[in-house]
Amino acid sequence: MKAIKNIGLILFLIGLGIFTSLTVLGKFQVDRSILDQVISEKGIKSEVFIKELQNNLVDKEFNSMLSFSPKIVTALEMANAQHRKNKEYKKVIYTNPHDMAAYIGKKSGSGFIANNKGLMWFLTFGLGIIGSLMFIIPNVVLLGKKGIKNDGIYLENATNRGWIAWLVFIFLVSFYLILYFRSEYAVNWTFLADPISEGISGNPAGHWFVYGFMYCVVMTVMAIRMYVKYRHNMYQMVRTTSVLFFQIVFAFLIPEIMVRLQMPYYDFKNAFPLDYDFFFSWNLKELLASGGIGLFILVWGIVLTLIIVPAMVYFFGKRWYCSWVCGCGGLAETLGDPYRQHSSKSLFSWKVERWLIHGVLVFAVTMTLMTLYSFFTESSTVLAIKTQSVQNTYSILIGAFFAGVIGTGFYPIFGNRVWCRFGCPLAAYLGFVQRFKSRFRITTNGGQCISCGNCSTYCEQGIDVRAYAQKGENIVRSSCVGCGICAAVCPRGVLKLENGPLEGRINPTQVLLGNDVDLMELMNKK
Amino acid sequence: MEHIVIIGNGISGVTAARHIRKLSDKKITIISAENDYFFSRTALMYVYMGHMKFEHTQPYEDWFWKKNRIELLKGFVESMNHQGKKLHLKSASDVEYDKLIIATGSKSNKFGWPGQDLKGVQGLYSKQDLENLENYAPNNQICKRAVIVGGGLIGIELAEMLRSREIPITFLVRESSFWNVVLPSGESNLINEHILEHHIDLRLSTNLVEIIADENGRVKAITTDTGETIECNFVGLTAGVSPNIDFLRESDIELGRGVKVNRLLETNIKDIYAIGDCAEQYEAIGSRRPIEAVWYTGRMMGETVAQTICGRETEYKPGHWFNSAKFLDLEYQTYGWVFSERIKKDHEKHFHWRHSKEKICITIAYHADTNEFLGINTFGIRMRHEIFNRWLTEKRQVDYVMEYLKDANFDPEFYAQYESEIVEQFNSELGMHIELKRKSWKRIFKTA
Chain A
1 MKAIKNIGLI LFLIGLGIFT SLTVLGKFQV DRSILDQVIS EKGIKSEVFI
51 KELQNNLVDK EFNSMLSFSP KIVTALEMAN AQHRKNKEYK KVIYTNPHDM
101 AAYIGKKSGS GFIANNKGLM WFLTFGLGII GSLMFIIPNV VLLGKKGIKN
151 DGIYLENATN RGWIAWLVFI FLVSFYLILY FRSEYAVNWT FLADPISEGI
201 SGNPAGHWFV YGFMYCVVMT VMAIRMYVKY RHNMYQMVRT TSVLFFQIVF
251 AFLIPEIMVR LQMPYYDFKN AFPLDYDFFF SWNLKELLAS GGIGLFILVW
301 GIVLTLIIVP AMVYFFGKRW YCSWVCGCGG LAETLGDPYR QHSSKSLFSW
351 KVERWLIHGV LVFAVTMTLM TLYSFFTESS TVLAIKTQSV QNTYSILIGA
401 FFAGVIGTGF YPIFGNRVWC RFGCPLAAYL GFVQRFKSRF RITTNGGQCI
451 SCGNCSTYCE QGIDVRAYAQ KGENIVRSSC VGCGICAAVC PRGVLKLENG
501 PLEGRINPTQ VLLGNDVDLM ELMNKK
Chain B
1001 MEHIVIIGNG ISGVTAARHI RKLSDKKITI ISAENDYFFS RTALMYVYMG
1051 HMKFEHTQPY EDWFWKKNRI ELLKGFVESM NHQGKKLHLK SASDVEYDKL
1101 IIATGSKSNK FGWPGQDLKG VQGLYSKQDL ENLENYAPNN QICKRAVIVG
1151 GGLIGIELAE MLRSREIPIT FLVRESSFWN VVLPSGESNL INEHILEHHI
1201 DLRLSTNLVE IIADENGRVK AITTDTGETI ECNFVGLTAG VSPNIDFLRE
1251 SDIELGRGVK VNRLLETNIK DIYAIGDCAE QYEAIGSRRP IEAVWYTGRM
1301 MGETVAQTIC GRETEYKPGH WFNSAKFLDL EYQTYGWVFS ERIKKDHEKH
1351 FHWRHSKEKI CITIAYHADT NEFLGINTFG IRMRHEIFNR WLTEKRQVDY
1401 VMEYLKDANF DPEFYAQYES EIVEQFNSEL GMHIELKRKS WKRIFKTA
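The listed protein sequences derive, respectively, from chains A and B.
Following my numbering, the numbering of the first sequence begins with 1 at its first residue and continues without gaps.
Following my numbering, the numbering of the second sequence begins with 1001 at its first residue and continues without gaps.
Warning: the hint list may mix true and false statements.
[To be verified] Simulated pairs of lysine-lysine, PhoX-like, Cα-Cα distance not exceeding 20 Å: (1) A/K145 - B/K1067; (2) B/K1359 - B/K1344; (3) A/K149 - B/K1099; (4) A/K145 - B/K1086; (5) A/K45 - A/K87; (6) B/K1326 - A/K146; (7) B/K1067 - A/K149; (8) A/K471 - B/K1022; (9) A/K146 - B/K1359; (10) A/K90 - A/K60; (11) B/K1317 - A/K471; (12) B/K1027 - B/K1085; (13) A/K146 - B/K1119; (14) B/K1099 - B/K1074; (15) B/K1053 - B/K1027; (16) B/K1074 - B/K1110; (17) B/K1359 - A/K149; (18) B/K1359 - A/K229; (19) A/K90 - A/K45; (20) A/K145 - B/K1317; (21) A/K437 - B/K1442; (22) A/K90 - A/K107; (23) A/K51 - A/K107; (24) B/K1406 - B/K1437; (25) A/K351 - B/K1067; (26) B/K1127 - B/K1110; (27) B/K1085 - B/K1107; (28) B/K1119 - B/K1107; (29) A/K229 - A/K5; (30) A/K51 - A/K85.
Don't read these hints as lab results, they were simulated from the structure.
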């Protein structure tokens, strides 16, 4: 069994190694006809740019994106600089230079990788999947009888912020940086995903398709790990299935199929303000131009945020979204599960959390109000602030860095819910509802708590669960996503997630159950 | 300002300090030699098993004590002078007090076995025990076999710990079935099976005779009263605990096995109180033992003594008995009294249900004549404390408990429920026709 695991680990690492090396490998060759395509598809009017490409790119062979990309980036930046200087604004190219490099790269990829998509898919994704399943599935036997399987978490390098954790950290951060800012290095990955993308939406894969596909693959594999680890715990089984279903069907398949049907790309479960660009004018315009389905999406998006989401939080707590439906939550609960113990439980972190997450919510709402104002009045500024630049700032700072690079990249070091806890504006909104008007609570079972601290240690949201449990108080916190792990790891059966009457939900107690002092007498003496 | 000194920074002493601070402005000092800050010793096992780091066992952040003006003094109290209201500390200056709370907890029992003080022989109670364990049994290379002596709650925890590092274990238990002094036979058997399933070499009805040293004064083997010699590199002595009060032997404080206290937790000397594991009630409370080495009783005594010290004389009334524990992967809860066959009275009748496959069972005790519900033990099913506390106070009949059993279930959502099977068996065994009621939030959250 251990041998199978080790072979699995090796296969996984080979797959990962090949996948990583694809960022810089590969052959790219641009001929005249490709250049013409680029010029016409992108509507390029800059003769400077075209000439630069003709001189430095066309009919030359490049053996790495590392040498290919700079040619395009410098050409584009140079051309734009020259046009701006000459006030030839019509000739300025507004495509981001790295996106341009990715775009041309995608067209001009040739050689082994581009010609052997299936094989390359197997050597990367295939080996990764087979290897990790070989690593995970033997645990059905190795983990033994049902029970909590946290042995050695703080003795293992990978789960105790050792060098492996730091390597994973560097890998994840680099991966997100490529995805958001240097997409040309993802071109080879898109080749591997082309057959799948063409099968679903009919279009070749872009790097966001690769990301979506990979997201589903990673979640599926790590969900299998969850099933093995928590196989005695029905709540975890059902919840994991739910979150996986919503990722694959709602976040991945439906939007791609909608594209095939000439409909707008839309994830029906992605609620504003997590879906921060829902009210951006390009999106509104696209929806309004898409006929009935566009209008339906517009109404659905508004109803989802204003009615469905809060109503469901009232009945079930924000867990229905954050740990049962949401894609970010889905990754956190599967890929992130091995790192849940790293969230900081200090009071200081809680203070930072409240400032940050509510700050982001204010930012998102303000930006959206500005957007709507600009949309309806058709003015590009609000109080002399450019709406577009606020949107760009949000997209880069919150959308890319906070949610992506930090949110997932920091898993191995700061735990799996950094974004959900400190950044997600939707979580902040749901948190208000959960804290002030919801039937959800984690009930503390009378006086059974022994203050061991398993609950706090494994709370991914950094809630000091024990602080409440040992006082006999229910846990009613806006940040709780209801993952249910605190109740699972409790050795004394103290915690239960449940939905019940509002009355008595918040129950600070002076004296714990069992200590039979006469409470009335105690109160009267005060 | 009155100076309250507390010896011991365990759950009892710390709870007392916290509540005194809530109620008053008195000066508070806690003295401990074990660790700078309060930690939860129930969690020490999880540090060894790698579920937690030691810092996670500390329920309060380090700034908490200063903020609440609770002074922490690291030191070991060697003796005291109650006339001068003074404590003598080892290698530190004397400490004067106005009121003294003794909350020194327990120490592991050693019954005079030959070799009981060898290297690699220890109990499991303190932080130092954990450090020694890490030293003598860090893995199965250095510790090729461990022997655990004493089949109680700490013994089974130690077994779980050592197992997590794949150290082979021989478990010597004096009784003919695990913990059958406390548990009825059905449950005790369930645990026997559970232990064996975990590949632990369980030796029932077996006693330790001698621990044998190697040339370096480390344990190398033990012998048993069945005439066997078992080679081992570690011996865990887990045959219970007793009050840690040796430093009071020379004092005038009345001692039994523990520090004798009345219901107000006062000792025979004015302004000196004792709480927690080390306190011994003059008269036992209900069916409780005079010394209760249980987490929550320590906490309650701390809550109670704080009231008394702050001018609201409050008797220690621990209410209905409850407790919980974990035997490897088996969760156990108890509410009210369910006694083992060995000690139960004739009027106490038991109803026992066990799942056909899983390690899940319950035992309900009731009065043979009045049908009054006396208590419940559950294995593998969590129960709601508040509900059973209420039913015990209301002196409900066993039929009532059966009828409303669903209200008491505390298992996580989506878990399989067994109440209908339980009630079915109850009906058929006793010729009853109880119909199980559906769970009702209204009843559950009914406030008195």
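Verify the proposed pairing of A/K471 with B/K1022, using a straight-line Cα cut of 20 Å. holds (14 Å)
Starting from A/K146, check that the Cα of B/K1359 is at most 20 Å away, please. Status holds; Cα separation ~10 Å.
Can the restraint linking A/K146 and B/K1119 be considered satisfied, given a maximum Cα separation of 20 Å? Violated, at about 35 Å.
Please verify whether B/K1359 and A/K149 have alpha carbons no more than 20 Å apart. holds (18 Å)
B/K1119 paired with B/K1107 [C-alpha distance capped at 20 Å]: The hint holds at about 17 Å.
Do the alpha carbons of B/K1127 and B/K1110 lie within 20 Å of each other, as the hint requires? This hinted pair holds, its Cα atoms lying about 18 Å apart.
Are A/K351 and B/K1067 close enough, with their CA atoms no more than 20 Å apart? Holds, because 17 Å separates the two Cα atoms, which is no more than 20 Å.
Are the Cα atoms of A/K145 and B/K1317 separated by 20 Å or less? violated (40 Å)
Given the hint that B/K1099 pairs with B/K1074, test it: the Cα-Cα distance must not exceed 20 Å. Holds: B/K1099 and B/K1074 sit about 19 Å apart, inside 20 Å.
Hint check: B/K1359 vs A/K229, CA-CA at most 20 Å. Holds or violated? holds (19 Å)
Would the hint linking B/K1406 and B/K1437 be met if the CA-CA limit is 20 Å? Answer holds: B/K1406 to B/K1437 is near 7 Å, not above 20 Å.
For the pair we were handed, A/K90 and A/K60, check the Cα-Cα distance against 20 Å. violated (29 Å)
Violated hints, in rising order: 1, 2, 3, 4, 7, 10, 13, 15, 16, 20, 22 and 27; the structure is consistent with all others.
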